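K.L.:
Whole structure, please, built from the sequences with the hints as guidance.
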Amino acid sequence: MRFSPHVAAQELAVVARAMTLKWAFINAAVGGAKGGIFADPDQLGCTRVSLMESFGRAIAPLVHERRYFPGIDLGTTLDDLDAILRGAGRTLDPGPIDGSWCTALTVFESIRQGVNFLGQELRGQRVVLEGFGKVGSSLARLLDQAGARLVALSTEEGAVITDDGLDVSHLLTLKGRHGDCLVVSIPGVRRLASKELYFQDFDILVPGAHVHVLHGGNAGRVRARLIVAIANAPLTTEAEELLTTRGTLVFPDFVTNAGGVLSSELSGAGFTLRDFEFVVMVVYSQVLRRLFEVAACDGITVCEVAPRLAWNNHAELNKDTPTPGGLFQRAGGAWKVHGWRGVKNRMAWRIYKNNRHIPEGLRQAALERYMEFTLGKTLAWLDARLNNK
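Under the numbering used here, the residue at position 109 of the sequence shown is numbered 138, and the numbers go up by one with no gaps.
What the hints contain is simulated information worked out from the structure, not anything from laboratory work. Quick caveat, the model's predicted, so the values are computed rather than measured. Do not rely on the hints blindly, as some may be mistaken.
As the list claims (entries may be wrong) - Heads up, simulated BS3-like pairs for lysine-lysine below, C-alpha to C-alpha not over 25 angstroms straight-line: (1) K348 - K406; (2) K163 - K204; (3) K204 - K224; (4) K163 - K224.
P.N.:
Dropping the structure here:
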C-alpha cells in the first residue's frame with residue numbers, strides 16, 4: 030500500500046507485477062497486487078487517520094472477499110494499515126514476525142551470496158544505500174556487523190557520501206531523533222542530490238525507494254559491481270540488460286526482497302522469527318546459489334532465470350487446488366505429522382499456531398514439511414534444470 034504525491038497507476042501496475050513474481054518465487058498461492066493513495070501527506074484536507082479509514086471503506090468488498098489485503102509499503106506505516114483495515118471492518122493482526130527485519134535479512138543474504146559469487150569477501154565492501162526506513166536501517170546494521178562499509182546514504186531529504194564510511198550506530202541514533210532529516214545532521218560528509226547517489230564510485234548499490242530509477246538513459250553511469258534491491262522494480266528491463274552485459278551482477282528485486290512475503294507465509298503458519306532465520310540460512314541461501322548455477326549452465330543471467338522460475342511456479346499453483354486437511358493429527362495420545370496436498374490451506378496452520386503443546390521436534394518436522402511445498406519447490410525446479418543438463 031503506497032501513499033505519495035507521486036503515486037501513478039502505471040507505477041502501481043509495475044509493482045503489482047513484481048508482487049506476483051515475488052509470491053510465485055516462494056511458491057505461495059497468492060496472486061500479488063498493489064494499491065496506492067495519490068496525495069501529499071503534508072497537505073491533506075483531512076486527518077491522515079480519516080483518509081486511511083476512508084480508503085479502507087472503499088476497498089472493504091475486496092478485503093471481505095479475500096481478493097486484496099493491503100500491506101506496508103512506500104509512505105505507509107503500521108498505524109496506517111491499522112486504520113485502513115478498521116475502515117474495511119477488519120482488525121490488524123501483525124503476527125509474531127517483523128516483516129521489515131525479514132526483508133532486510135533476505136536482502137543481506139542476497140548481498141552475501143552475490144559477493145561470494147564474485148569471489149570476494151563482504152568485509153570492506155563499499156555500500157550505497159537508498160532509503161533508511163525500517164528495512165534500510167535494519168540492513169545497515171547487518172552490513173555493519175559483517176564488516177561492510179556504508180559510504181553513502183539517501184532519504185527523502187537528500188543524500189550524503191563519505192570515503193571513510195558512515196557510523197551506523199550514530200545513524201540509528203540520529204534517525205530516532207530526526208527521521209529522514211538525519212542526513213542534514215551528519216557531520217563531516219559531502220552532500221549531493223539524491224538522484225546522483227547511484228553513480229558514485231562504490232562496490233554495492235542497494236536501491237530502496239522508487240520504481241525504475243535506473244533505466245536505459247542512466248544505467249550506463251552506474252559503477253557498482255553488484256546491485257541488490259530493497260525496492261520493487263527499481264530497474265527497467267533495458268537497464269538490467271545493459272548492466273549485466275557490462276559485467277555488473279544484478280539480482281532480480283522479487284528475489285532479494287522476498288523476506289517480507291516469506292515471513293508472512295511463515296507467520297500465518299504459526300512459525301517464529303527463529304524458524305524464518307533457519308529457512309533463510311538453509312533453504313533461501315541454497316536457492317540463491319542454485320540461481321547462479323542454472324544461469325551459468327544455461328548461458329543466461331540470473332535476471333532471466335528467476336522470472337522463468339516464478340512464472341512456472343505461478344502456472345503450477347493455478348493447477349494445484351488445495352484440499353482440506355490438517356498438518357497435525359493426534360492419534361493414541363501422540364502428535365504426528367499428517368501430510369496433505371494443499372499446504373496453502375491456512376486453516377490447518379491456524380490450528381497448529383494456537384496449540385502450544387506440540388513438541389519442538391515436531392515443530393521442526395513441520396517446518397521442513399512446509400518448505401517442501403513452498404520454497405522447496407522452487408529449489409526443486411532449479412535442481413531439475415541442473416540435472417537435465
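K.L.:
All the hints need checking, so say for each whether the structure fits it.
P.N.:
Cross-check of the supplied hints:
1. This hinted pair checks out: K348 and K406 have alpha carbons roughly 14 angstroms apart, not beyond 25 angstroms.
2. Distance restraint check for K163 and K204: the Cα-Cα separation of roughly 10 angstroms lies within the 25 angstroms cut-off, and the hinted pair is therefore satisfied.
3. Pair hint K204 plus K224 holds up; C-alpha atoms about 21 angstroms apart against a cutoff of 25 angstroms.
4. Of the pairs offered as hints, the one joining K163 and K224 holds, with about 21 angstroms between alpha carbons and a cut-off of 25 angstroms not exceeded.
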